[in-house]
Amino acid sequence: MSLVLENVNRSVDNTSHLKDINLSFEPGSFNVLLGRTLAGKTSLMRVIAGLDKVNSGRVLVDGQDVTSLSVQKRNISMVYQQFINYPNMNVYDNIASPLILAGTAKAEIKRRVQETAEMLRIEPFLKRYPLELSGGQQQRTAMARALVKDASILLFDEPLVNLDYKLREELRQELRELFKLRNSIAIYATTEPNEALALGGTTTLLHQGHVLQTGPAIEQYRYPINLDAADLYSEPPINILPGTISEQEVTFDEYASFPVAGHFKDVPVGAYRFGIRPSHMSLVPKNDDDIELSVQVEVAEISASETFLHVANKHFQLVLQLSGVHDYRTNTPVKIYLPPEKLFLFNSEGGIVKAPYPERKKGAQQHG
Amino acid sequence: MSRRKNVGIWAYSVFVLLPVYWLINMSFKSNEEILGTFSMWPQQFTWANYQVIFTDPSWYNGYFNSIYYVVLNSIITLLVALPAAYAFSRYKFVGDKHLFFWLLTNRMAPPAVFLLPFFQLYSSVGLFDTHIAVALAHCLFSVPLAVWILEGFMSSVPREIDETAFIDGYSFPRFFIRIFLPLISSGIGVTVFFSFMFSWVELLLARTLTSVEAKPIAAIMTRTIGASGVDWGVLAAAGVLTIIPGILVIYFVRNHVAKGFALGRV
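If you read the protein sequences in the order shown, they are chains A and B.
My numbering puts the first residue of the first sequence at 1397, with every later residue one more than the last.
My numbering puts the first residue of the second sequence at 26, with every later residue one more than the last.
Bear in mind the hints are in silico, worked out from the structure with no lab data behind them.
There's no promise every hint is true.
Stated by the list, open to error - Restraint-style ranges between C-beta atoms, simulated for each label pair:
1) TYR37(B) <-> LYS1502(A): 53 to 63 angstroms
2) ARG184(B) <-> SER1407(A): 12 to 22 angstroms
3) SER181(B) <-> VAL1400(A): 34 to 44 angstroms
4) THR130(B) <-> ASP1448(A): 31 to 41 angstroms
5) ALA1498(A) <-> SER181(B): 46 to 56 angstroms
6) LYS1502(A) <-> ARG184(B): 52 to 62 angstroms
7) GLN1713(A) <-> HIS123(B): 48 to 58 angstroms
8) ARG1524(A) <-> TYR37(B): 41 to 51 angstroms
All figures in this text were calculated on a predicted structure; none of them were measured in a lab.
Think of the CB as a built atom: it goes at the ideal place given N, C-alpha and C, for glycine as much as any other residue.
Let the hints inform the model, and build the full structure from the sequences given.
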């Protein structure tokens, strides 16, 4: 089974939800859609499922145009962010319902429901009703219903968002294992870069209804196509410093400068925007050529075992992601160190000029 | 404290139930006793009044006629309102909000307004004095309310359930009957209650649009005022029997009525 989207456009009330989407999904592949809220992840899935109509463009499954095919006739499964089950049926009937509708034999239904329930560890609850279960169990039921039939396309629309942290980690791991065993196209939407990196597979970056970039998540993390793509992989957002490159020097608005070296060598002179990921800066110098900046602490946000340190001086504002818990008071003067070899270089439109990694791997696709 | 609370409840119950008790009391008395003496309970207990009703076809047919058109009205109301409410709850179309509000404006006019057009129309198309005539006339009032109630219940069911069902392979009718209707069953109960009750107590249209064949019980009750005066006992017995269907319906939907008044938006 292969899935191809050709020039798909969709807009509602003159608001464009999807713009010129061209994507193809390999049979048996695991795909992640990464994008912020309202980036078009759900819209895209709904178009693939046939729940929403396209304004123009085509959806092809195995080379056949299914654009106008009804939902029932497409062989897909979908799991929503909300826990959606049939409240009037018990868990067994919930899971069995796609099989019953497909006219599967009784014994076969029983075997497959048992098997799927065991896989998702909900077989003790088969006699219960969905609303008597915890959130995690309800979502497992929904997943079991999606997995029990041999759908050629599995759509998971942020299925783990409404679950607590521990359960999310656990289920994500299991899901990855489950997908490996299947030969169907799995598409998983998420807003979290960590999830995309943890799940692996082919990642498609969506931003304001269009595709930014397609490829392995780790590639995109290293070689973002533009500022938006780089930003999608940074949590907190990537820091941007305006600056210029001259023959000898790189200057940040005259408050800091360093000699042109490393990956800046063959860049034409001019004004640029420099991006640095919050995790790449530190409070202690790691190399001799690290740029030292004097700043004041605005706020220290402690999140689990990490600290997001918001700092500023009169030229700029930056966020540092530090491991460990650091307690800084507001207005404490600190020195931060910025490794020039980790700087992304963007032009004034936000397009990438230079990524701080030496060799770009072959085979990564790009979209304008 | 609890004693004081009880006093209030008892006082209220007496206040509410006294007329009902008096009706029952009267139905077991003879006319002479009703008019002659004051007594808290029947001195000469008699079933005679009920006997009149159960043996005289012109009496008991009144009940059959009423129940016939009331049930007919409830069924038509449900058949019309369920798809309409689903459309209002799930689809967007031009003027949907205006249409939805306009439905309720039908209820703003008293039934008497529609008396003349119904009478004239039904007479000319030969519907006069049939059960379906009364049922259809009552639908004018019960359908809008039913759509409003059902729309509220349907909108509280997430749209994703519909979609999941279609993805699982349910056809629309099968989904609607197997999955959707059970989810809004209490809404259906409340809808039936409201349309049943409206139709059961409505007298003006029912009396005007019928003469013999479909004459409702409430109209027949006015017949007891004859040359010999009012037949109080029989009238009271008829009243008691008229209350019973209402009590039965309330009993069956008692758990859902409160939700129904919130139109499902709870």
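Going through the hints against the structure:
1. TYR37(B) <-> LYS1502(A): 53 to 63 angstroms: holds (57 angstroms)
2. ARG184(B) <-> SER1407(A): 12 to 22 angstroms: holds (20 angstroms)
3. SER181(B) <-> VAL1400(A): 34 to 44 angstroms: Given range 34 to 44 angstroms: holds, Cβ gap about 39 angstroms.
4. THR130(B) <-> ASP1448(A): 31 to 41 angstroms: The hinted range 31 to 41 angstroms holds for THR130(B) and ASP1448(A), with Cβ atoms some 34 angstroms apart.
5. ALA1498(A) <-> SER181(B): 46 to 56 angstroms: violated (30 angstroms)
6. LYS1502(A) <-> ARG184(B): 52 to 62 angstroms: Given a distance of about 32 angstroms, which is not inside 52 to 62 angstroms, the answer is violated.
7. GLN1713(A) <-> HIS123(B): 48 to 58 angstroms: About 50 angstroms separates the Cβ atoms of GLN1713(A) and HIS123(B), which means 48 to 58 angstroms holds.
8. ARG1524(A) <-> TYR37(B): 41 to 51 angstroms: Because 42 angstroms falls inside the window, the suggested range holds.
Comparing the model with each earlier hint shows violations of hints 5, 6; every other hint is respected.
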